Amino acid sequence: MTSTIKQQLSSPGGILKFLVKYNTIFIFVLLLIFSALISDVFFTSANLSNLLKQVSGIGIISIGMLIVILTGGIDLSVGSMVALLAVTFAILVNMVILPVAIILTIIIGFGLGSVSGYLVAYQKMAPFVATLALMTIARGLGFIYSKGSPITFKTPGGEFMSNFANNATLGIPNIAIVFFIIVIMAMVMLRYNVFGRLIIAIGSNEEASRLSGIKVNKYKFLVYAISGALAATAAIIVASRTNLGSPNMGMAWELDAIAAVVIGGASLNGGRGTAINTLMGVLILGLIGNILNLLNVPSYPQQVVKGAIIIFAVLLQRFENK
Amino acid sequence: MKNSENEYRLEMTGISKSFGVVSVLKDVNLKVKPGEIHALLGENGAGKSTLIKILSGVHQKDSGKVVLNGEEINPKNTHDGQVLGISVVYQELSLVNDLSVAENIYLHKLGASKFWMNWKGITQDAQELIDSLGFKIDASAKVRNLSIVQKQVVEIAKALSEDTKVLVLDEPTTVFDPNDIKKLFNNLFKLKEKGVSIIYISHHLDEIFKIADSITVLRDGVDTGTMAAKDTDKDGVIRLMIGRELKDLYPVRDIKIGDVPVFEVKNLTAKDTLVHDVSFSVRPGEVLGIAGLGGSGRTETAKLIFGADKKKSGTLILNGKEIKTKTPVCAVGHQIGFVSEDRKEEGVFLPLSIRRNISVTSFKPISSRLGFLNVDKEYVNVLDLIEKLSIKTPSSEVNVNNLSGGNQQKVALAKWLSIDSKVIFIDEPTRGVDVGAKIEIYNLINEVAAKGVGVVVISSDMPEIMGIADRILVMHKGTFYGELQKEQFSEENILRYSIGEPLKQLN
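Keeping their order, the protein sequence lines are chains A and B.
Residues 47 to 368 in my numbering are what the first sequence spells out, letter by letter.
Residues 483 to 989 in my numbering are what the second sequence spells out, letter by letter.
Calculated directly from the structure, the hints in this document are not laboratory data.
Just so you know, these numbers come straight off a predicted model, no measurement behind them.
Heads up, a few of these hints could be off.
What follows is a set of in silico ranges between Cβ atoms, one per label pair, in the way DEER data are often shown [to be verified]:
#1 GLY777/B to SER95/A: 54 to 60 angstroms
#2 ALA179/A to ASN661/B: 54 to 60 angstroms
#3 LYS200/A to ASN627/B: 44 to 50 angstroms
#4 ASN884/B to LEU314/A: 26 to 32 angstroms
#5 GLU253/A to VAL862/B: 33 to 39 angstroms
#6 ILE143/A to ALA623/B: 36 to 42 angstroms
#7 LYS753/B to SER85/A: 41 to 47 angstroms
#8 GLU253/A to GLU869/B: 30 to 36 angstroms
#9 SER95/A to ASP562/B: 29 to 35 angstroms
#10 LYS753/B to GLU253/A: 32 to 38 angstroms
#11 GLY603/B to LEU340/A: 47 to 53 angstroms
#12 VAL146/A to ALA623/B: 48 to 54 angstroms
#13 ASP562/B to PHE80/A: 56 to 62 angstroms
#14 VAL75/A to ASP688/B: 55 to 61 angstroms
Pairs of lysine-lysine residues, derived as DSSO-like cross-links and limited to a Cα-Cα distance of at most 27 angstroms, are as follows [as the list claims (entries may be wrong)]:
#15 LYS558/B to LYS170/A
#16 LYS602/B to LYS261/A
#17 LYS264/A to LYS624/B
#18 LYS596/B to LYS261/A
#19 LYS508/B to LYS716/B
#20 LYS933/B to LYS859/B
#21 LYS264/A to LYS933/B
#22 LYS261/A to LYS647/B
#23 LYS794/B to LYS261/A
#24 LYS591/B to LYS261/A
#25 LYS716/B to LYS170/A
#26 LYS261/A to LYS624/B
#27 LYS859/B to LYS264/A
#28 LYS633/B to LYS261/A
#29 LYS664/B to LYS738/B
#30 LYS591/B to LYS264/A
#31 LYS664/B to LYS618/B
Covered, in the sense of this in silico footprint (three residues per stretch, anywhere, with C-beta under 8 angstroms from a C-beta of chain A), are these stretches of chain B [as the list claims (entries may be wrong)]:
#32 580-589
#33 598-612
Beta carbons: idealized from backbone N, C-alpha and C, even for Gly.
Using the sequences plus the hints, can you model the full thing?
Take a look at the structure:
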């Protein structure tokens, strides 16, 4: 790996090629330098840990989004799932002991994702349609169970979670550690694990995979279920950060997750995309928001900048494919 | 009785299969011995693929019996088939572009394997397998970056990765040049010696007679019997396939060729491909053949002229006037047609109806100024072309993916005839097309030429290009290496030019 990088750098025009190939990392580093130059509070540990805390929730659902997109699908339900599952977790944490609440929430997330997975894999519904339906159902259920208002943690278990979510270990916020562990698990899975390779195979050529005796439906079902479980994980984290579960959480997060995956160079047709690049996508989006906040740019222009960055990143990938 | 049972590796007897009300196979028998190369022939739609898919487990038979090594088998899916030692190389490339060569070769094992990937092991095994086939491909490369020829090799390696007892090859050589075909045949002979039973499906009858021991012909879902290859000949097989006499595969050409070229190319050089300094002209009524090995730049030349690739320099002259074709839109505007070799990806719109496919290049003559279609005109135009090309379809509204390969090709051609093209480039006109449809396509090419169109046919099929072309240009490494007049046509001459050798001097 290192030798190929060296070769690339030493060949004529190599530096440019290298930058184009690893463009997400390049953009990320560029943004980091830019941020550091433009604002003196940026490189304070308070700001950086704040940034990491902000992106962790969306980051976790982005990993779920990545594996769904790798199969050629899409999961629009994750934002609403975060809301429903945050409410669910808040209810559970006030009812049962903490480990049970956590496990139950993740199981329920897995179950909700399974519904999308079942519709897509076995009922041959278009992923966009199936998860769109799940999106409104989940949001609606969130409002029904919470009766429209946030549910606060009232038990010691809730207090423990709140402490966990707002503290740091070795200077890194705990919830960011959870996010990074999930990224590393995804990286390992997509490279060294058979399940990960088969997901890529299915997204790249579903018919060929089927002809090779791969149980395509099973894997398509599973990626949505896993995406649901990751949405549950994200929900637990964001609920714990604020000490409550609200049906308004995760609004439009599915779009940010898709944006992160796309900035990370994944193809919406499936088969292409990596966890490390998705991590970069998440960090890039987070950085933009962070630096614009530091510069006191209001939120509407921020959205415009975000969109422009998405276009820029995807255009840059066009070079890579040539 | 017992002896005859042991004599065959594979016995398929009385196989019948219907899809809905359509009966595809009726009481078909196919018996293959160990170490035998058995050709399975038939026109497209005769039921060859269905029979193979029943064997491999993709489809389930309605009745009949499949016996492998004396035991009845019932593969429920392709994995079952593979475990039993039945491997199929499908006609449509069935590789996964985003995985490595090694992963593709062992994909069927991945589905059933343990938790972790054994990268080193599969890459090493795959490399050995490919090397043993005599081709040069890096097993750790991504399939996306391979050439189509290399992909086909990977496909074959994939079929051989199991302990294969029955190997089925469905049109394996369509993308191969003669050299590669020779290598493939050598490999098949090796497998044959090892006792592997090979079922070989091909429309290239020359190939069949080079390698097959026995031949079974299917016609309309019924087998017409099995015979030894040495007891029959091409004409005999063709007769069985189409059920009628066939005088000559290639129609007699007796068309007046104009004197003034309709289209000239001068010193054309590509920006991104290997094509350079290409010059030629084609006269009205002429069928110009372009031959050459795979990768010599034939398709790229056509794409360059058509504006699909970028040009660096060169001039195009249509009817004496210089034209520019920066994009395919320009080319279509100048009435230059291009029928792609990759029919499914670049030639037709599979999920659309025949009518929509044909109309797509010719909206102008059938629509009003504001862009509304005149549906009556469209139907007249489309039905006329369907009839002229004898496209076999119940109506113009049938989706193209329901047609056979030959009929799809006709639709692709019809698109360009509907704009009254002046020059048409046809890349591999009969790839994956059965004999009956081939003749129709050849006739069609002649008809088109007779109208004064300059037709340029690119083909790897040497008998075909010699059969239909008036003149052959041979490409070698991106430029024309030599030109052959009709009296010089021979496989040897084409091959010599293809590999950059001069012709043998006649004493």
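Hints, one by one, checked against the model:
{"no.": "1", "hint": "GLY777/B to SER95/A: 54 to 60 angstroms", "verdict": "holds, 56 angstroms"}
{"no.": "2", "hint": "ALA179/A to ASN661/B: 54 to 60 angstroms", "verdict": "holds, 55 angstroms"}
{"no.": "3", "hint": "LYS200/A to ASN627/B: 44 to 50 angstroms", "verdict": "violated, 58 angstroms"}
{"no.": "4", "hint": "ASN884/B to LEU314/A: 26 to 32 angstroms", "verdict": "holds, 28 angstroms"}
{"no.": "5", "hint": "GLU253/A to VAL862/B: 33 to 39 angstroms", "verdict": "holds, 38 angstroms"}
{"no.": "6", "hint": "ILE143/A to ALA623/B: 36 to 42 angstroms", "verdict": "violated, 53 angstroms"}
{"no.": "7", "hint": "LYS753/B to SER85/A: 41 to 47 angstroms", "verdict": "holds, 45 angstroms"}
{"no.": "8", "hint": "GLU253/A to GLU869/B: 30 to 36 angstroms", "verdict": "holds, 34 angstroms"}
{"no.": "9", "hint": "SER95/A to ASP562/B: 29 to 35 angstroms", "verdict": "violated, 55 angstroms"}
{"no.": "10", "hint": "LYS753/B to GLU253/A: 32 to 38 angstroms", "verdict": "holds, 35 angstroms"}
{"no.": "11", "hint": "GLY603/B to LEU340/A: 47 to 53 angstroms", "verdict": "holds, 51 angstroms"}
{"no.": "12", "hint": "VAL146/A to ALA623/B: 48 to 54 angstroms", "verdict": "holds, 50 angstroms"}
{"no.": "13", "hint": "ASP562/B to PHE80/A: 56 to 62 angstroms", "verdict": "holds, 58 angstroms"}
{"no.": "14", "hint": "VAL75/A to ASP688/B: 55 to 61 angstroms", "verdict": "holds, 60 angstroms"}
{"no.": "15", "hint": "LYS558/B to LYS170/A", "verdict": "holds, 21 angstroms"}
{"no.": "16", "hint": "LYS602/B to LYS261/A", "verdict": "holds, 25 angstroms"}
{"no.": "17", "hint": "LYS264/A to LYS624/B", "verdict": "holds, 25 angstroms"}
{"no.": "18", "hint": "LYS596/B to LYS261/A", "verdict": "holds, 15 angstroms"}
{"no.": "19", "hint": "LYS508/B to LYS716/B", "verdict": "holds, 25 angstroms"}
{"no.": "20", "hint": "LYS933/B to LYS859/B", "verdict": "holds, 22 angstroms"}
{"no.": "21", "hint": "LYS264/A to LYS933/B", "verdict": "violated, 56 angstroms"}
{"no.": "22", "hint": "LYS261/A to LYS647/B", "verdict": "holds, 24 angstroms"}
{"no.": "23", "hint": "LYS794/B to LYS261/A", "verdict": "violated, 48 angstroms"}
{"no.": "24", "hint": "LYS591/B to LYS261/A", "verdict": "holds, 12 angstroms"}
{"no.": "25", "hint": "LYS716/B to LYS170/A", "verdict": "violated, 46 angstroms"}
{"no.": "26", "hint": "LYS261/A to LYS624/B", "verdict": "holds, 23 angstroms"}
{"no.": "27", "hint": "LYS859/B to LYS264/A", "verdict": "violated, 49 angstroms"}
{"no.": "28", "hint": "LYS633/B to LYS261/A", "verdict": "holds, 24 angstroms"}
{"no.": "29", "hint": "LYS664/B to LYS738/B", "verdict": "violated, 38 angstroms"}
{"no.": "30", "hint": "LYS591/B to LYS264/A", "verdict": "holds, 16 angstroms"}
{"no.": "31", "hint": "LYS664/B to LYS618/B", "verdict": "holds, 15 angstroms"}
{"no.": "32", "hint": "580-589", "verdict": "holds (count 4)"}
{"no.": "33", "hint": "598-612", "verdict": "holds (count 3)"}
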